[in-house]
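Enquirer: Using the sequences provided together with the hints, build the complete structure.
So the chains spell out like this:
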Amino acid sequence: MAIQPQLDLLTDSPKAAAVPQAITEPGRRNRRGHSHRPYFSGGILALFILAGLIGPLIAPHSTTHVSLSLYLRPPVFAGGTWAYPLGTDELGRDVLSRLLGGARISLLVGLSVVFISGAFGLVVAMISGYIGGRIDAVLMRFTDATLAFPTILLAIVLAAIFGASEQNVIIILAVGGWASYARVIRSEVLRLKKQDFIVMSVVMGAGPLWIIRRHLIPNVMSTLVVLATLQLGAAILSEGAMSFLGIGVPPPAPSWGGMLAGGSDYLTTAWWLALFPGIALSLTVLASNLMGDWLRSRSDPTGHR
Amino acid sequence: MLQIENLRVAYLHDNRRSVAVRDVSFDVPTGATVGLVGESGSGKTTVALSVMRLIRPPIGDIEAGSVRLDGVDLLKLSNKAMRTTLHGDIGYIPQDPTAALDPLCKIGRHVDETLSPKIPKAERRALIISLLESLGVRNAATRLGSYPHEFSGGMCQRVAIATALARGPKLVIADEPTTALDVTTQLSILRLLDAQRRERNLSMLFVTHDLAVAQMLCQYVVVMYAGEVVEKGPTAEVIQRPRHPYTRALVGAIPQPTDKSRARLRAIPGQPPAPAQDRVGCPFAPRCPLAADACKVMPELKELDGVEVACWKAGVEEEPRVVAETR
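For the record, the sequence lines run as chains A and B. In the numbering used here, each number is its position in the first sequence, counted from 1, plus 13. In the numbering used here, each number is its position in the second sequence, counted from 1, plus 4.
Note that these hints are calculated values from the structure, not bench results. Bear in mind that the values here come from a model prediction, so they are computed numbers and not experimental data. It cannot be assumed that every hint is accurate.
[As the list claims (entries may be wrong)] Partial list, computed: chain B residues near chain A (C-beta under 10 angstroms):
#1 Thr89
#2 Leu90
#3 Pro101
#4 Leu105
#5 Gly112
#6 Ile133
#7 Ser134
All C-beta atoms in this analysis are idealised placements derived from N, C-alpha and C, irrespective of residue type, glycine included.
Expert: Below, the structure is given as C-alpha cells:
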C-alpha cells in the first residue's frame, strides 16, 4: 500500500481544527507611502480657477479695450508703472487683466476637452476591451485612424467647416483627443479582464454592465486620471496653437494660449507678452500633473507606487 | 447532483483546434466531493471551466456532451438562464485568492455583491458577518471595511469561499484552492470546505494535482490523463489499489515521510502527448511500462470491482519497478 489513509486529518478534534490567528490588525487602515498633501498643486489650481470665476470682476482694466498710445509698456519691475503691473501688449491692453480673463477661457477649454474626450475614450475602451471580437477590431481601427490623423490638420478642416468659436474649439480638441484614452485604457481592460476577480464576478452571474461599472472602471481610474492631467496642459497649449492659426477662440477674447502665441512675435523686444501667460500655463500643467500623481496614489489602496 | 456526459472541449488557435478534453463523463453526487486529479495540461481545469461555460469562442469551444445540474443541461441554457444558474446554484473558488479579490473593493462588498439587493442592508451585513466568522475570519464585523491587500492569502481565500457560499449554491467548483497557500493554511481551508460540504449538503468538484489532498477531502476521484478519464471510483479504492498504470505511477510519485530507504523520488518517464485533433490508441502507452500491441486501440472505461478503468492491462499485476514500496 502506497499511502496511509489520512482521513482523520479532516475530522480532527475541534481544538486542532481551530483556525489560525488573524495576522493583520483589524479595523483601522494604515495608509503609508502617500506623497505629500497637494498644497502646492491644489493651491495653484484653486487660484487659477478662482481667477477664472471672478477674474473679470477684479481685473484693473478691460480685457479688450485697445489704446494704441499705451502699447508695449513694460511691467512694473522692469520700469513700468503700477497702473499696468504686468505691462501692456502691442495694442495697449493690460496684460494682467487679459491673464485673469484668459484663465476662464483656458481652463474652461482645457477641462471640457479633458472631460469630454476622457468620457468618450473610456466608453470606447470598455466596449472594445470587454466585448472584444469584431467590435473591438472595428473600434480600434477607428481609434488608430484618429491617432494617425494630425490633430492640427483635423482642427483646420473642422474649423473651416463649423467656424471658430470657443465651443467648436472644445469639440475639435475632444475629437482629436479621445483616441489616446481609448487605446491606453483598452489595454488595461484586456489585462484586468483575465484576472480572477473578474472571472469570479462572471461566475457569480454578473452581467457586463455590472462588471464594467463595479470592477473595471474603478480599476482603470488611476490610469484615466494620469492621462487626463497630462492632457489638460496639452489641450490648453493646443488651443493656443489654434488661436495662432486663427482658428482658436476668436480674438479679441483673451486666452493664455492665444496670448502666448501672439506674444512670441515680440519675444526679443517685449518679453513680458509671452512670459506671463507662459508662466501661468506652465504652472497649470505642473500643478495638474502633481495633482494627478497625488490622486493616483490616493486611489490605490495598497499605497504603493 | 452534477452529471457530466461525453464532454468534449477544444481550444482554438487561429484555424487549429486542439482537443483538451475528450469524452469525459462522471457524476458529482449530492453531498459528496469529487476530486479531479491529473498533471498540468490533463484537462482538469478545462472540465471545471466548461461546467461554468467559461470556455467560449474565441478561446475555446465545447464541442459535444452535456453537463446536467439536477437534470438541467447547462450547455443548452440561454445566456440569461445560465447567469441565473451561475448566480444561484454554482459557487466558484479560484486558485489564487489574492487575485480573486478586486484590489479596490472592500472585503464586505465582495460578499455583499453576490447577495440580492432586496435583502435589507442590515440583514445582509449580519449574514456576511456570521458567514465570515463561520469560515474562520475573526472579528469579521470590524474587518468588512478592509481591503484585500490587508489580508493574508489564507484570509483572502476564506473571503473568496464566503462569496462562493453566500447564495447557498448546490454545487461548488474549487480549482486548486489550496495550491497557493502554505501547508498549515491548506489544512485549515480543506477542513473548512469539508465542514461546509457536510453542513450544506453540497456537491463539490475539487480540481487538484495533489493526490494527498484529494485523498483527505474527496469521496470519489476522477483521474485524468491527456484529456481523458483513465480511472474513476471511490477515493480509497483508487488510491490504495490503483488499477491504471498512470494512477499507479502518480501514487508512486508521492513522497512518503515514512520512507527511510532514502530512495530517489519516482518520476514518470516521458512527456504527456500534445493535444491534437485525432488520436489513436491509449495516450499513456508511450510512457507505460505495460504497453503492448493491444494499446494501439483506445481502451474503453470498464468496471472492475466498483472502479472504472480505461486500460487493457487493468488488474494485471505490474512489475515492482513502478510502485513505491514504503514498508
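Enquirer: With a cut-off of 10 angstroms on the beta carbons, see whether B:Gly112 makes it to chain A.
Expert: Violated, about 13 angstroms.
Enquirer: Could you check if B:Leu105 really has its C-beta closer than 10 angstroms to a C-beta on chain A?
Expert: Result: holds, 6 angstroms to nearest chain A Cβ.
Enquirer: Can B:Ser134 be said to touch chain A, with a Cβ gap under 10 angstroms?
Expert: 15 angstroms, violated
Enquirer: Could you check if B:Thr89 really has its C-beta closer than 10 angstroms to a C-beta on chain A?
Expert: B:Thr89 check passes; min Cβ-Cβ to chain A is 8 angstroms, inside 10 angstroms.
Enquirer: Verify the interface restraint on B:Leu90: the C-beta must sit less than 10 angstroms from at least one C-beta of chain A.
Expert: Check passed: Cβ of B:Leu90 comes within 4 angstroms of chain A, closer than 10 angstroms.
Enquirer: Are B:Pro101 and chain A close enough, Cβ to Cβ, to be under 10 angstroms, as the hint says?
Expert: OK, holds: B:Pro101 within 10 angstroms of chain A, min 9 angstroms.
Enquirer: Does B:Ile133 pass the interface check with chain A, least Cβ-Cβ distance below 10 angstroms?
Expert: Violated, about 13 angstroms.
When held up to the earlier numbered hints, the structure conflicts with 5, 6 and 7 and fits the remainder.
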